[in-house]
Amino acid sequence: MQYALLIYENEDLYRAGDGRAMDEIIAAHQALAGELAATGVLKGGSGLKTVDTATTVRKTDGQHALHDGPYAEAREQLGGFYLVEVPDLDAALAIAKRIPLAGDGAVEVRPMIEED
Amino acid sequence: MKTLDQTAREAGGRIVAALAATFRDLDLAEEAWAEACARAAAVWPTAPPLDPAAWLYATARRCAIDMIRRRTVRDRLPPDTPQPEATAEDMLASDARLIPDERLRLIFVCCHPAVAPEARAALTLRLVCGLSVEEIARAFLVAEPAMFQRLTRAKKKIAEAGVSFEVPGPEAWPERLAAVLSTLEVAYARAHEDAAGTGQHAGYAREMLDLTAVLAELLPNEPECLAFAALVRFAEARRPARLDAEGAMVPLSEQDPKLWRRPLILEGEALLRAAARLNRPGPRQLRAALHGVWCVRRALAEPPPWSAALALYDLLLAWREDPFVRINRAVVLAEVAGPAAALAEVDGLDAARLDDFQPFHAVRADLLARLGQRDEALEAYDRALDMAPGPAERRWLIRRRTEL
Numbered sequence: 011m012q013y014a015l016l017i018y019e020n021e022d023l024y025r026a027g028d029g030r031a032m033d034e035i036i037a038a039h040q041a042l043a044g045e046l047a048a049t050g051v052l053k054g055g056s057g058l059k060t061v062d063t064a065t066t067v068r069k070t071d072g073q074h075a076l077h078d079g080p081y082a083e084a085r086e087q088l089g090g091f092y093l094v095e096v097p098d099l100d101a102a103l104a105i106a107k108r109i110p111l112a113g114d115g116a117v118e119v120r121p122m123i124e125e126d
Numbered sequence: 004m005k006t007l008d009q010t011a012r013e014a015g016g017r018i019v020a021a022l023a024a025t026f027r028d029l030d031l032a033e034e035a036w037a038e039a040c041a042r043a044a045a046v047w048p049t050a051p052p053l054d055p056a057a058w059l060y061a062t063a064r065r066c067a068i069d070m071i072r073r074r075t076v077r078d079r080l081p082p083d084t085p086q087p088e089a090t091a092e093d094m095l096a097s098d099a100r101l102i103p104d105e106r107l108r109l110i111f112v113c114c115h116p117a118v119a120p121e122a123r124a125a126l127t128l129r130l131v132c133g134l135s136v137e138e139i140a141r142a143f144l145v146a147e148p149a150m151f152q153r154l155t156r157a158k159k160k161i162a163e164a165g166v167s168f169e170v171p172g173p174e175a176w177p178e179r180l181a182a183v184l185s186t187l188e189v190a191y192a193r194a195h196e197d198a199a200g201t202g203q204h205a206g207y208a209r210e211m212l213d214l215t216a217v218l219a220e221l222l223p224n225e226p227e228c229l230a231f232a233a234l235v236r237f238a239e240a241r242r243p244a245r246l247d248a249e250g251a252m253v254p255l256s257e258q259d260p261k262l263w264r265r266p267l268i269l270e271g272e273a274l275l276r277a278a279a280r281l282n283r284p285g286p287r288q289l290r291a292a293l294h295g296v297w298c299v300r301r302a303l304a305e306p307p308p309w310s311a312a313l314a315l316y317d318l319l320l321a322w323r324e325d326p327f328v329r330i331n332r333a334v335v336l337a338e339v340a341g342p343a344a345a346l347a348e349v350d351g352l353d354a355a356r357l358d359d360f361q362p363f364h365a366v367r368a369d370l371l372a373r374l375g376q377r378d379e380a381l382e383a384y385d386r387a388l389d390m391a392p393g394p395a396e397r398r399w400l401i402r403r404r405t406e407l
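From first to last, the protein sequence lines stand for chains A and B.
The first sequence finishes on residue 126 if you use the numbering used here, and the numbering steps up by one all the way, no holes.
The second sequence finishes on residue 407 if you use the numbering used here, and the numbering steps up by one all the way, no holes.
A portion of the hints provided could be inaccurate.
With a cut-off of at most 30 angstroms between alpha-carbon atoms, the simulated DSBU-like pairs for lysine-lysine come out as follows [as the list claims (entries may be wrong)]:
(1) A:Lys107 - A:Lys69
(2) A:Lys53 - B:Lys160
(3) B:Lys159 - A:Lys107
(4) A:Lys59 - A:Lys69
Label-pair restraints from in silico Cβ distances [stated by the list, open to error]:
(5) B:Ala343 - A:Gly115: 47 to 55 angstroms
(6) A:Gly72 - B:Arg356: 48 to 56 angstroms
(7) A:Ala104 - B:Leu318: 49 to 57 angstroms
(8) B:Ala279 - A:Lys107: 26 to 34 angstroms
(9) A:Ala41 - B:Asp69: 30 to 38 angstroms
(10) B:Asp353 - A:Val67: 19 to 27 angstroms
(11) B:Ala37 - A:Met11: 42 to 50 angstroms
Not the full set, but computed from the structure, chain A residues with beta-carbon under 10 angstroms of chain B [to be verified]:
(12) Gly57
(13) Ala101
(14) Leu103
(15) Asp114
(16) Ala116
(17) Val117
(18) Val119
(19) Arg120
Honestly, the hints are just simulated from the structure, not real lab data.
Since this is a predicted model, take the numbers as computed values, not measurements.
Ideal Cβ positions, reconstructed from N, Cα and C, are used throughout, including at glycine.
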């Protein structure tokens with residue numbers, strides 16, 4: 011089955027200091043992604059730029075409106091995702107636990123809709 | 004020959020588990036089982052099977068396969084010709100021992116940490132113990148439609164999120180086994196609360212004996228698992244002594260040990276010894292030991308094991324502070340150090356947090372009564388009675404209140 015692992019973190023953790031946290035986490039992501047790619051588990055994924063670069067397109071009553079900012083204002087924001095193919099939920103959860111986080115944060119594990 | 008009801012009770016969990024493990028589909032397993040029972044009700048009166056459980060399993064498997072076939076062709080082909088009834092072929096499946104025991108797998112599926120905690124026990128009782136949605140709803144004090152929805156949601160999550168039907172490897176046990184044991188503890192606490200053993204909660208106490216036996220047999224190197232199986236045995240052993248002639252609850256120290264079921268106690272003691280030999284202490288072993296120290300008593304004339312119980316409560320609290328455990332400890336402390344010391348301990352606890360906990364008021368009432376503080380005792384008895392205790396405990400509380 012394929013799963014999306016959605017990473018939610020407080021972006022302030024990366025803004026603090028001199029950016030060392032960011033460099034370390036990126037290196038850790040690259041190591042994990044490299045390992046998952048080598049075993050054929052990784053199907054995609056990316057880090058996302060911070061939410062101050064986000065633009066949200068909302069459709070209401072058939073009309074589109076744009077606003078500057080993320081879908082929802084929250085302390086923790088979607089900051090990146092992995093797409094993986096594994097046998098079952100337990101395997102996906104095991105990878106989710108290995109995703110590097112700078113501090114507190116969460117990884118939401120969502121099964122992807124399969125195409126027959 | 005065994006009746007359908009009896010066979011369904013005894014073998015249902017095992018059959019549903021085997022179907023679920025084969026087809027990796029909880030809904031399909033449930034539907035096929037229901038269909039097999041319906042066919043049995045129609046066929047058995049005129050053609051009794053050789054082995055009722057084997058017949059049900061063989062028929063349910065056929066039903067499941069038919070259902071899968073119908074699902075795959077439903078949108079493309081005209082309706083199937085009706086499938087033949089279960090016949091000679093199924094009758095030949097004559098040995099229930101051939102039904103694989105997949106209950107452990109199913110327990111791990113139902114108690115997966117990805118399933119909402121409030122649904123785990125319900126799902127286990129439904130699928131592994133075969134309780135009806137109505138029975139489970141009543142045991143958990145939830146309306147039947149709400150319980151039905153909770154179960155449906157949990158089954159959908161399991162199917163859609165790709166929960167594995169394998170027993171997890173030992174590296175995952177600390178997390179997975181803890182989820183299983185705490186789920187079964189919740190389920191058993193409900194069964195045990197009902198001292199009379201006539202209500203719906205106690206209805207599955209028997210199934211809990213079976214389930215914990217399966218767990219202990221399949222995970223013999225997990226001490227907490229063995230300890231929980233021991234606890235259920237000690238507690239169930241005392242069931243015949245828990246009510247007096249008037250149907251009132253009998254406190255543990257006043258129960259006649261001659262009425263306790265010795266074979267269950269011996270089983271419990273063997274399990275607890277096996278757990279201790281593994282040399283990995285844990286809170287469940289202490290809880291089981293708390294039951295165990297009472298079960299060595301052979302007659303009312305023997306002194307109650309108050310000091311041993313107090314020492315065990317202290318160990319349990321050293322493991323983790325817990326105001327609910329402190330309430331139970333106070334009952335023992337009253338015997339060792341006197342009711343005044345016990346009341347001081349109880350009144351030192353966070354009353355706001357314990358206000359909804361019925362034993363808090365029942366224990367306070369008893370201690371106040373023994374200290375001669377009549378008005379406060381009456382008030383505490385009333386609080387305890389307000390909280391809808393089971394019929395046996397209600398009778399007991401009313402009696403104590405009247406004696407004041």
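Evaluation of the provided hints:
{"no.": "1", "hint": "A:Lys107 - A:Lys69", "in the structure": "violated (35 angstroms)"}
{"no.": "2", "hint": "A:Lys53 - B:Lys160", "in the structure": "holds (23 angstroms)"}
{"no.": "3", "hint": "B:Lys159 - A:Lys107", "in the structure": "holds (24 angstroms)"}
{"no.": "4", "hint": "A:Lys59 - A:Lys69", "in the structure": "holds (23 angstroms)"}
{"no.": "5", "hint": "B:Ala343 - A:Gly115: 47 to 55 angstroms", "in the structure": "holds (51 angstroms)"}
{"no.": "6", "hint": "A:Gly72 - B:Arg356: 48 to 56 angstroms", "in the structure": "holds (52 angstroms)"}
{"no.": "7", "hint": "A:Ala104 - B:Leu318: 49 to 57 angstroms", "in the structure": "violated (35 angstroms)"}
{"no.": "8", "hint": "B:Ala279 - A:Lys107: 26 to 34 angstroms", "in the structure": "holds (33 angstroms)"}
{"no.": "9", "hint": "A:Ala41 - B:Asp69: 30 to 38 angstroms", "in the structure": "violated (50 angstroms)"}
{"no.": "10", "hint": "B:Asp353 - A:Val67: 19 to 27 angstroms", "in the structure": "violated (51 angstroms)"}
{"no.": "11", "hint": "B:Ala37 - A:Met11: 42 to 50 angstroms", "in the structure": "violated (28 angstroms)"}
{"no.": "12", "hint": "Gly57", "in the structure": "violated (25 angstroms)"}
{"no.": "13", "hint": "Ala101", "in the structure": "holds (8 angstroms)"}
{"no.": "14", "hint": "Leu103", "in the structure": "holds (7 angstroms)"}
{"no.": "15", "hint": "Asp114", "in the structure": "violated (19 angstroms)"}
{"no.": "16", "hint": "Ala116", "in the structure": "violated (14 angstroms)"}
{"no.": "17", "hint": "Val117", "in the structure": "violated (13 angstroms)"}
{"no.": "18", "hint": "Val119", "in the structure": "holds (8 angstroms)"}
{"no.": "19", "hint": "Arg120", "in the structure": "holds (8 angstroms)"}
The structure shown violates the earlier hints numbered 1, 7, 9, 10, 11, 12, 15, 16, 17.
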